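Take the sequences, apply the hints, and build the full model.
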Amino acid sequence: MKDAIIAFITDSTFFYVFLTLITYELGIFLKNKFKMAIFNPMMISILLSIVVIVVLKIDISKYKQGTKFISFLLTPATVCLAIPLYAQFGGIPAITVAVIVITGIVGNLFAEVTLKLFKITDPVAKGVAIGTSSHALGTTKAMEIGEVEGAMSSLSIAVAGIITVILFSFFAQAL
Amino acid sequence: MPITFIGPGVAIIESMDVLKSYWWQIILITVLSTFIVMIVTGLVSQTIMKLLHRNRNNTINAEITEEK
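Residue numbers (our numbering), protein chains in the order written: chain A, 1 to 175; chain B, 1001 to 1068.
Reference excerpt, derived from the structure (chain B facing chain A, CB under 10 angstroms, subset only):
#1 1003
#2 1007
#3 1008
#4 1010
#5 1014
#6 1015
#7 1023
#8 1031
#9 1034
#10 1038
#11 1044
#12 1047
#13 1048
#14 1053
Calculated from the structure, these hints are not laboratory results.
Quick caveat, the model's predicted, so the values are computed rather than measured.
The beta-carbon is built from N, C-alpha and C at its ideal position, and this holds for glycine as well.
Structure, rendered in structure tokens:
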């Protein structure tokens, strides 16, 4: 009976959307309550979702299928830049995803302290630094710091992405 | 926007076998390169912004002097 209920819940597409949203909301609640950067909503959501998947022994392909509606908006931005590189040079998708998540979290957690430490005070410079190094996750932090920082950070993601694709192709052939 | 990264983030467990072998190297390289890019980009951008401000001020001062 218990297994049947778990199977019924985990077979539903909405369960995974619900799981993602509820864990993210919990992360926002914890961040607002404790006001500590370590309570990053995305990190908390990823960790809690992994715990649920492992405990309930859910097939990861079901989770991916269920959350594709949430990740849908991410696809155009990443795919249009990453596909030409994959097609030309290959790569391990798991490492790419891990690096994206780590970079974003590091930027989100330490951007403000790092910029202060190196006396980077110009709003444009702050935004460019955060957007270039930590993509959209850093941009959420840049938006918290200020409007100019957030705008510059968003712009930097696109510019840095295009430049990376062009320069990587060039350097990969040259080296 | 961060919510869109949760799906791919959770999907990391699918490739744990690959990541297990290199996890500390991946973390070290990623963290270091993130800090280096952030610091270098910030310092270079700040220097360029200062130079632009200085040039703009010089131009304005020159125009005021000419008008006088």
